[in-house]
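In order, the protein sequence lines correspond to chains A and B.
Start counting the first sequence at 922; every next residue gets the next number (the numbering used here).
Start counting the second sequence at 4; every next residue gets the next number (the numbering used here).
No lab work stands behind these hints, which were simulated from the structure alone.
Treat the numbers as computed from the prediction; the structure is a model and nothing was measured.
Any given hint could be a false lead.
[Said to hold, decoys possible] Which bits of chain B does chain A cover? Going by a derived footprint, with three or more residues having C-beta under 8 angstroms, they are: (1) 103-109; (2) 194-204.
[Stated by the list, open to error] Among chain A residues calculated to face chain B with C-beta under 8 angstroms, some are: (3) R938; (4) L940; (5) H942; (6) E1017; (7) R1024; (8) M1026; (9) N1098.
[Unchecked claim] For each label pair, taking beta carbons as the anchor points, the in silico distance ranges come out as: (10) S203/B <-> L955/A: 38 to 44 angstroms; (11) F1129/A <-> G109/B: 54 to 60 angstroms; (12) L927/A <-> R141/B: 27 to 33 angstroms; (13) S203/B <-> L927/A: 49 to 55 angstroms.
Yeah, the Cβ is synthetic: ideal placement off N, Cα and C, and Gly gets one too.
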Amino acid sequence: MSSLSLAVRDSSTMLRRNLLHARRYPSLTLNLLLTPIVLLLLFVYIFGDAMSSVISGGEGPDRSAYIAYVVPGLLLMTIGSTVVGTAVSVSNDMIEGIIARFRTMAIHRPSVLIGHVLGSVLQSVMSVILVGVVAVAIGFRSVDATALEWLAAFGLLVLFATALTWIAVGMGLVSPNAEAASNNAMPLILLPLLSSAFTPVGSMPGWFRPIAEYQPFTPAIETLRGLLLGSEIGADGWLAVAWCLGLAVLGYFWSAAKFDGDAA
Amino acid sequence: MPVSVMPTSSRGGAHAPLPAVSAVGLRKAYGDHTVLDGVDLHIPAGSVFALLGPNGAGKTTLVKILSTLITADGGQAQVAGHDITASSDGVRAAIGVTGQFSAVDGLITGEENMLLMADLHHLPGRERRRIAAELLERFGLTDAAKKPAQSYSGGMKRRLDIAMTLVGAPRIIFLDEPTTGLDPRSRHTLWQIIRELVASGTTVFLTTQYLEEADQLADRIAVLNDGRIAAEGTADELKRLIPGGHVRLRFLGPAAYRSAAAALGDTVQDEEALTLRIPSDGSQRELHALLGRLDAAGIEADELTVHTPDLDDVFFALTGSTVPDRSHRPDRSSEPDRSTGPQRSSESPQSTEPHQPKEAAR
């Protein structure tokens, strides 16, 4: 068997294993889904009037405008939240003796991690769709988005999920237990709060703006807004893609190095 | 995938069978703590090899090296004819490993665990179900097949673990302390399974801290101590290594004790316990002679026990001085006290290991 077909076959076996885990124990995934949905409802129905005044530049509250503003960020936050589950399950998995067994078998080595990543990206996509459905239900509508733009938005979400998942896998591998993994991955949930997800970067204190502007979430959020709501994308598109590719490659090599290290 | 089966080596096997495992000078250290200090091994194919040693002796480290989980710092080894570093995939394709800690996926069912192994061995569709069902049946897990593995008892988990190891029909199986923590019944079931494996031509590399287990199962036994093979041979050969067979006589009164001591001459005397130890191989002829002398002197012993050396004696004689600081080594000649018999727990020498690294997975 060629090494490519071995890789594909073993990775798909591992993916099936991860999907089986997710199907048997959906509570972890569902718990993580709760955070973005609660935040969505909180920001729209509780803070919506106040927040919309900020983004409309003092023209008075407009809750539906704020729904449009906040949804792209929450979709990406959903991904950040889902991959915390990835870090936890990778960390749990490494404690299990079954990983040692995999290491002693003549299989495609990275397939264990690839299975986790593919499974997690699929979960992220499902979660994003669920949160998207809630968003549409409370009034989110795209503005003049073509099919191609929808496709690009979807592609960006998948790419972003892949990037964050590889980082989360690395975090899971360096964490001694599930609690530590959950803590280590916490920045992936918190980072959107420090982005343009809820409030424009321009409304933040001056010294903080560069951080908020160039961290990975903001360009991705702005790109998503541009694709779905017709706002200006500018350099954010390339910045978002560069962040995603960079993080994915970094996460991959970090994870592979950690996984290949001496098991003792 | 690098496949490096050299035709010459497999043909050469027809003349002189290749050893299943051979190793020369394996070394491993963690920091400045040496775990393996030059281990040599030669295990013929189709045999059971038991590696015996106290906790922290380096048994698990050796298994991890041979099963390609970790790399050695020095020395070299071949497993199933493949070099463990140059051709680790060749080694992996030939071996099955059941580690000290259960290597099952607890979140999925026993059957799913088996099918997972079948898929990773790339068995075709119908074959995988057949083999999974067959092995589950053989290990008495058919009723539990649809339950999550984490709900299994320790014995069931261990059986599932070994069943999973067997899916790829490995030629060499490593079992790292397979019966630790099992109840006697599960232990005997496992012994039976291991005997069946060997009968079908599999080579078994077993580590254990139970002397009885090594005695029961192994063709050859090596005692690992302080990172070195302290002795190697069949159980009988090892038992012959140390002196120690004796007959123990106990008396009710000091009078009988003293006259026996006088009549028998060459004995080890314990006046307080009123016992005498007479060196003996325990044979009928020697016993007969001993009883004859007692009869002739008109002495009746209250109790007579025959003690032949067992692996416990070997174990304690070889590993009794495991304190890493050699300046504190007790004198080699101070023979372990054998009077408490084989049920004595093997814990005593282990507690003298102050700073062994934890050998747990990860």
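task = Run the structure past the numbered hints and jot down the numbers of the failing ones, going up.
result = 2, 4, 9, 10, 11, 13
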